[in-house]
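Protein chains: 4
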Amino acid sequence: MTLRVTVWNEGRHEKTHDKVRQVYPEGLHQPIVSFLRDQGMQAHAATLDEPEHGLTETVLAETDVLIWWGHMAHDDVQDAIVDRVQRRVLEGMGLIVLHSGHFSKIFKRLMGTSCNLKWREANERERIWVVSPGHPIAEGLGEYFEIPHEEMYGEFFDVPAPDELVFVSWFQGGEVFRSGCCYTRGRGKIFYFRPGHETHPTYYQPEVLRVIVNAVRWAAPSAGPSVTFGQRPQPLEKLD
Amino acid sequence: MTLRVTVWNEGRHEKTHDKVRQVYPEGLHQPIVSFLRDQGMQAHAATLDEPEHGLTETVLAETDVLIWWGHMAHDDVQDAIVDRVQRRVLEGMGLIVLHSGHFSKIFKRLMGTSCNLKWREANERERIWVVSPGHPIAEGLGEYFEIPHEEMYGEFFDVPAPDELVFVSWFQGGEVFRSGCCYTRGRGKIFYFRPGHETHPTYYQPEVLRVIVNAVRWAAPSAGPSVTFGQRPQPLEKLD
Amino acid sequence: MTLRVTVWNEGRHEKTHDKVRQVYPEGLHQPIVSFLRDQGMQAHAATLDEPEHGLTETVLAETDVLIWWGHMAHDDVQDAIVDRVQRRVLEGMGLIVLHSGHFSKIFKRLMGTSCNLKWREANERERIWVVSPGHPIAEGLGEYFEIPHEEMYGEFFDVPAPDELVFVSWFQGGEVFRSGCCYTRGRGKIFYFRPGHETHPTYYQPEVLRVIVNAVRWAAPSAGPSVTFGQRPQPLEKLD
Amino acid sequence: MTLRVTVWNEGRHEKTHDKVRQVYPEGLHQPIVSFLRDQGMQAHAATLDEPEHGLTETVLAETDVLIWWGHMAHDDVQDAIVDRVQRRVLEGMGLIVLHSGHFSKIFKRLMGTSCNLKWREANERERIWVVSPGHPIAEGLGEYFEIPHEEMYGEFFDVPAPDELVFVSWFQGGEVFRSGCCYTRGRGKIFYFRPGHETHPTYYQPEVLRVIVNAVRWAAPSAGPSVTFGQRPQPLEKLD
Numbered sequence: 166m167t168l169r170v171t172v173w174n175e176g177r178h179e180k181t182h183d184k185v186r187q188v189y190p191e192g193l194h195q196p197i198v199s200f201l202r203d204q205g206m207q208a209h210a211a212t213l214d215e216p217e218h219g220l221t222e223t224v225l226a227e228t229d230v231l232i233w234w235g236h237m238a239h240d241d242v243q244d245a246i247v248d249r250v251q252r253r254v255l256e257g258m259g260l261i262v263l264h265s266g267h268f269s270k271i272f273k274r275l276m277g278t279s280c281n282l283k284w285r286e287a288n289e290r291e292r293i294w295v296v297s298p299g300h301p302i303a304e305g306l307g308e309y310f311e312i313p314h315e316e317m318y319g320e321f322f323d324v325p326a327p328d329e330l331v332f333v334s335w336f337q338g339g340e341v342f343r344s345g346c347c348y349t350r351g352r353g354k355i356f357y358f359r360p361g362h363e364t365h366p367t368y369y370q371p372e373v374l375r376v377i378v379n380a381v382r383w384a385a386p387s388a389g390p391s392v393t394f395g396q397r398p399q400p401l402e403k404l405d
Numbered sequence: 166m167t168l169r170v171t172v173w174n175e176g177r178h179e180k181t182h183d184k185v186r187q188v189y190p191e192g193l194h195q196p197i198v199s200f201l202r203d204q205g206m207q208a209h210a211a212t213l214d215e216p217e218h219g220l221t222e223t224v225l226a227e228t229d230v231l232i233w234w235g236h237m238a239h240d241d242v243q244d245a246i247v248d249r250v251q252r253r254v255l256e257g258m259g260l261i262v263l264h265s266g267h268f269s270k271i272f273k274r275l276m277g278t279s280c281n282l283k284w285r286e287a288n289e290r291e292r293i294w295v296v297s298p299g300h301p302i303a304e305g306l307g308e309y310f311e312i313p314h315e316e317m318y319g320e321f322f323d324v325p326a327p328d329e330l331v332f333v334s335w336f337q338g339g340e341v342f343r344s345g346c347c348y349t350r351g352r353g354k355i356f357y358f359r360p361g362h363e364t365h366p367t368y369y370q371p372e373v374l375r376v377i378v379n380a381v382r383w384a385a386p387s388a389g390p391s392v393t394f395g396q397r398p399q400p401l402e403k404l405d
Numbered sequence: 166m167t168l169r170v171t172v173w174n175e176g177r178h179e180k181t182h183d184k185v186r187q188v189y190p191e192g193l194h195q196p197i198v199s200f201l202r203d204q205g206m207q208a209h210a211a212t213l214d215e216p217e218h219g220l221t222e223t224v225l226a227e228t229d230v231l232i233w234w235g236h237m238a239h240d241d242v243q244d245a246i247v248d249r250v251q252r253r254v255l256e257g258m259g260l261i262v263l264h265s266g267h268f269s270k271i272f273k274r275l276m277g278t279s280c281n282l283k284w285r286e287a288n289e290r291e292r293i294w295v296v297s298p299g300h301p302i303a304e305g306l307g308e309y310f311e312i313p314h315e316e317m318y319g320e321f322f323d324v325p326a327p328d329e330l331v332f333v334s335w336f337q338g339g340e341v342f343r344s345g346c347c348y349t350r351g352r353g354k355i356f357y358f359r360p361g362h363e364t365h366p367t368y369y370q371p372e373v374l375r376v377i378v379n380a381v382r383w384a385a386p387s388a389g390p391s392v393t394f395g396q397r398p399q400p401l402e403k404l405d
Numbered sequence: 166m167t168l169r170v171t172v173w174n175e176g177r178h179e180k181t182h183d184k185v186r187q188v189y190p191e192g193l194h195q196p197i198v199s200f201l202r203d204q205g206m207q208a209h210a211a212t213l214d215e216p217e218h219g220l221t222e223t224v225l226a227e228t229d230v231l232i233w234w235g236h237m238a239h240d241d242v243q244d245a246i247v248d249r250v251q252r253r254v255l256e257g258m259g260l261i262v263l264h265s266g267h268f269s270k271i272f273k274r275l276m277g278t279s280c281n282l283k284w285r286e287a288n289e290r291e292r293i294w295v296v297s298p299g300h301p302i303a304e305g306l307g308e309y310f311e312i313p314h315e316e317m318y319g320e321f322f323d324v325p326a327p328d329e330l331v332f333v334s335w336f337q338g339g340e341v342f343r344s345g346c347c348y349t350r351g352r353g354k355i356f357y358f359r360p361g362h363e364t365h366p367t368y369y370q371p372e373v374l375r376v377i378v379n380a381v382r383w384a385a386p387s388a389g390p391s392v393t394f395g396q397r398p399q400p401l402e403k404l405d
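Chains as they are written, first to last, in this note's numbering: chain A, 166 to 405; chain B, 166 to 405; chain C, 166 to 405; chain D, 166 to 405.
Incorrect hints may appear among the rest.
Stated by the list, open to error - Taking lysine-lysine pairs in the DSSO-like style, the calculated list, with each CA pair at most 27 Å apart, reads: (1) Lys270(C) / Lys184(D); (2) Lys283(C) / Lys273(C); (3) Lys184(D) / Lys273(C); (4) Lys283(A) / Lys270(A); (5) Lys184(A) / Lys283(A); (6) Lys270(D) / Lys273(C); (7) Lys270(B) / Lys180(B); (8) Lys270(B) / Lys273(A).
None of these hints come from the bench; they were simulated from the model. Just so we're clear, the structure is a prediction, and the values are computed from it rather than from any experiment.
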């Protein structure tokens, strides 16, 4: 079955920052969309400034996995759309949150915490270590991979302890970060993946793309039981 | 150090339902407050219909652990107070959510899920099994204890997988339920404990009170590091 | 890629107990092997009384997932074979342990605990509830399924808290049990699944077979990094 | 209640290596024993070359928490003593495993994995970050602390995913390590803590001692239910 992926990108930096436009001339989402298509998936982009942020009921109903990148305009996302995405995740849609998406309304909603962290823009080296080598999201990687220049994110990262921790980052300046965190909420799977500052060509790097496509496969909905809630019938016989 | 506990009770059933008033003439919170005091804690009640629901900034600042029971009026809790309680939990205040509090705004906020479940009022027998016998919340209990008549709650309980699962309930009518669930959010510890339908004398039962006092001790704040967030200084030397 | 499954059955009850032979005339493993083949997998049986218990280096090297059922002769399994199976699990081979296999040497080795539990043979009803409806092992199931007559297993089940808890059993006589437990050890995935007393036709029941085939797919090795251990080279430059 | 702690030290390096004797003239265990006593605990040492390695049935019966440091002579520990320690942990005794104790028989027994890792002796800087600031083992610490010169331990660390991850180490040479790992096995709590190479004065450092005393308090047995295993009585009435 062909997986259907919606890659959501805020899309504002590309309009206002030359440097970002130079790195991602067709939008930060573009290398991700292209790579997922190359892998045989049905991928399309959606952005903040489309009607309903490109996330209509129909789009979400036909999305197996939603990828989310946002940064400067988290507050412009309408609460009604956040409600809608949350509902779909609890029903089973996968969600992959990238980098500065840690501060998005939808991630904070699903985590229940501040999702705050430390950061520094110093173009420093990041080395991403695999701490769960049997996990499907680590397929095709080595024991670690490096990103030559990235923004630093440091602990404490205020999220719930992940159900599964796949990656831990080392930063040249002295920090560590839980960079690949798996969660299940309702029937939906969520993966937070740290890299991807908008001025670095991170989303062209093969290992980064590999992690994203692995995460899409891992987060795809499974055909588990439909859950029912509410009042249950009285037992046929008196219990006591 | 004397622990300071605020026992929050919605307090509406007691005003309108004779049956509840008969069981809890001074309010459902009263046996809990009394027991905590007997155990040497400083406990007081707060209720929905007080100004700011009895949860002013001052009250919360002086609360180590907050206990929460609500049912028919979850929507009457102001969002600003929910924000305030969430902030205090992330800072380290413990939170114990009882029974129908599963549907409170604050619990849904901290869990990020619907917190929905199955239920049936059939006065049936509940047997609560300890599945983590080394956990401090199980101190002083036997391998299981029974509540002779309770409302049934059944799976699927739509919460994140607990960080630690302490109790699993068996119900006479054929259901099971994860009845004692531990979470950490930010620096705060959260315990969900299932029993406590308002028409049953559950909060007078010694094992139930024992669990609550154990949970208060477990959830009390610890003197860990103050966490800081945001921008970190540039490194002294150029990194690359 | 066709998954290669070895279904290990102690195979002693079938030789000595008429009742077991009546239920499983070709061995308790046979319905499992047949079903896995029907699902397109390459499955074969191995039994205790074969040379090296049918688990030679070659067999294990060509096994993606090993299924294990044993009961009366756990002690007859040679320690050298247990070492070998453990090594393969840590390298990435999946392992599914069924029912009385909870007391096998290999399961106790991998868990580090006694793996003890309560039990009762009363032909009672077991109702297996799904508590993780988004998990791939729950695919194709309803919210619960029933086994009309089974041996009871009850808590406390002395295993490490599972990484993921998929099923909880309700028993007619008043017990509960964590019936579907996922673990990762090294690069290998392990699933413990409770049902399957040798005198009941449990392994012919469609829901039980469905769980087993789901678990095989979940436990199959993934192509993660080869891990290396031991001494790392000195850094090129002096660190201090 | 005064906690009773046995600090087990292999005690061989001190006999044969001048450098170790210079750092720890009275044995590597001595600063730990002294500090625990200063904190009001009843602490004593036990070493490999005593009869029964100093871990008789009586000693273990009167130990609330056992601390373990070993390195060059893991194989000299008798299996019968390992069995005995494991049994006591499952009954509720706490266990704290330090540094090279990762390769001890008792730790491998309780983990079920190889417990292997990467290492390098380069006297490099280690920075230990708190990733669970609400955890009692992090009490009294800052957001991180540094050890100026230590042996490096790097991922992949082949242990089960910890039930709670408290610390992650950053090393100057480019590695990370899960340095503070909590486990529950049976009724017993286990804490693995990374630092402590025998040629560095690590166990004199206040933050390191603080972590150890916090861990002792966390790992102390709790008065939970005595667990029973085995056959349960038939139900009074016929079930079906």
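So, going through the hints one by one against the coordinates:
For the hint pairing Lys270(C) with Lys184(D), the CA-to-CA distance comes to about 43 Å; that exceeds 27 Å, so the pair is violated. Distance hint between Lys283(C) and Lys273(C) is fulfilled; the C-alpha atoms sit about 16 Å from each other, no more than 27 Å. Using a Cα cut-off of 27 Å, the hinted pair Lys184(D) and Lys273(C) is violated, with the two alpha carbons roughly 41 Å apart. For the suggested pair Lys283(A) and Lys270(A), the alpha carbons sit about 19 Å apart, so the restraint of at most 27 Å is met.
Straight-line distance between C-alpha atoms of Lys184(A) and Lys283(A) comes to about 23 Å, which keeps the hinted pair within the 27 Å bound. Between Lys270(D) and Lys273(C), the direct Cα distance comes to roughly 15 Å. Compliance with the 27 Å bound is thereby established for this hinted pair. Our distance criterion of 27 Å between C-alpha atoms is met by Lys270(B) and Lys180(B), whose separation comes to about 22 Å. With a CA separation close to 15 Å, the supplied pair Lys270(B) and Lys273(A) stays within the 27 Å bound.
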